[in-house]
Amino acid sequence: MSESSLAEMLRARGLRLTPQRQLVLQAVLDLGHASPEQVHTAVREVAAGVNITTIYRTLELLERLGLVTHTHLSHGSPTYHAAGEHQHVHLVCRECGAIDEIDPGLLRPLADELAVQRGFRVDIGHVSLFGVCVRCENGDDK
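Each residue of the sequence shown is one higher than the last, beginning at 1 in my numbering.
There could be a bad hint or two in this list.
[Stated by the list, open to error] Derived CB-CB ranges, DEER-like: (1) Pro19 x Asp112: 21 to 31 Å; (2) Glu37 x Arg94: 19 to 29 Å; (3) Gly49 x Leu114: 30 to 40 Å; (4) Leu15 x Pro109: 38 to 48 Å; (5) Arg118 x Glu63: 23 to 33 Å; (6) Arg11 x Leu129: 31 to 41 Å; (7) Ser5 x Gly131: 37 to 47 Å; (8) Arg11 x Thr41: 21 to 31 Å; (9) Ser5 x Glu45: 17 to 27 Å.
None of these hints come from the bench; they were simulated from the model. Glycine included, every Cβ here is placed at the ideal spot set by N, Cα and C.
Hey, can you work out the whole structure from these sequences and the hints?
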């Protein structure tokens with residue numbers, strides 16, 4: 001997203017484009033999947049005075065604007081990534097922490113069945129499956 005597009009989107013909501021907002025969005029785009037703490041570290045390399053509270057508030061704003069989305073890949077902080085990315089399911093290795101992505105179509109039959117049987121609509125973009133990756137299963141170096 002260009003700086004002018006972001007500025008227009010914020011102005012339409014009565015907000016302005018601050019350097020912090022721009023830096024947080026750029027950090028998420030650059031990092032791919034990142035926790036607020038990782039975004040904070042990246043932003044502080046450019047603007048040392050930005051605190052973690054600003055990072056959390058900005059990530060929440062960017063998510064409300066539809067620019068980023070989050071998922072929970074562990075018991076800790078959520079992980080953010082650009083909303084414009086293709087929707088995907090996360091595979092998280094409990095042994096080495098590796099994160100892989102699969103096409104959400106693999107879960108579509110389950111999601112459809114839950115909708116029919118339970119009236120429950122799965123938000124596939126927030127799904128994370130935990131297990132052991134093939135490298136750890138085979139005892140390969142991590």
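Hints, one by one, checked against the model:
no., hint, in the structure
1, Pro19 x Asp112: 21 to 31 Å, "violated (45 Å)"
2, Glu37 x Arg94: 19 to 29 Å, "holds (20 Å)"
3, Gly49 x Leu114: 30 to 40 Å, "violated (46 Å)"
4, Leu15 x Pro109: 38 to 48 Å, "holds (41 Å)"
5, Arg118 x Glu63: 23 to 33 Å, "holds (27 Å)"
6, Arg11 x Leu129: 31 to 41 Å, "holds (40 Å)"
7, Ser5 x Gly131: 37 to 47 Å, "holds (39 Å)"
8, Arg11 x Thr41: 21 to 31 Å, "holds (29 Å)"
9, Ser5 x Glu45: 17 to 27 Å, "holds (24 Å)"
Violated hints for the displayed structure, listed by number in ascending order: 1, 3.
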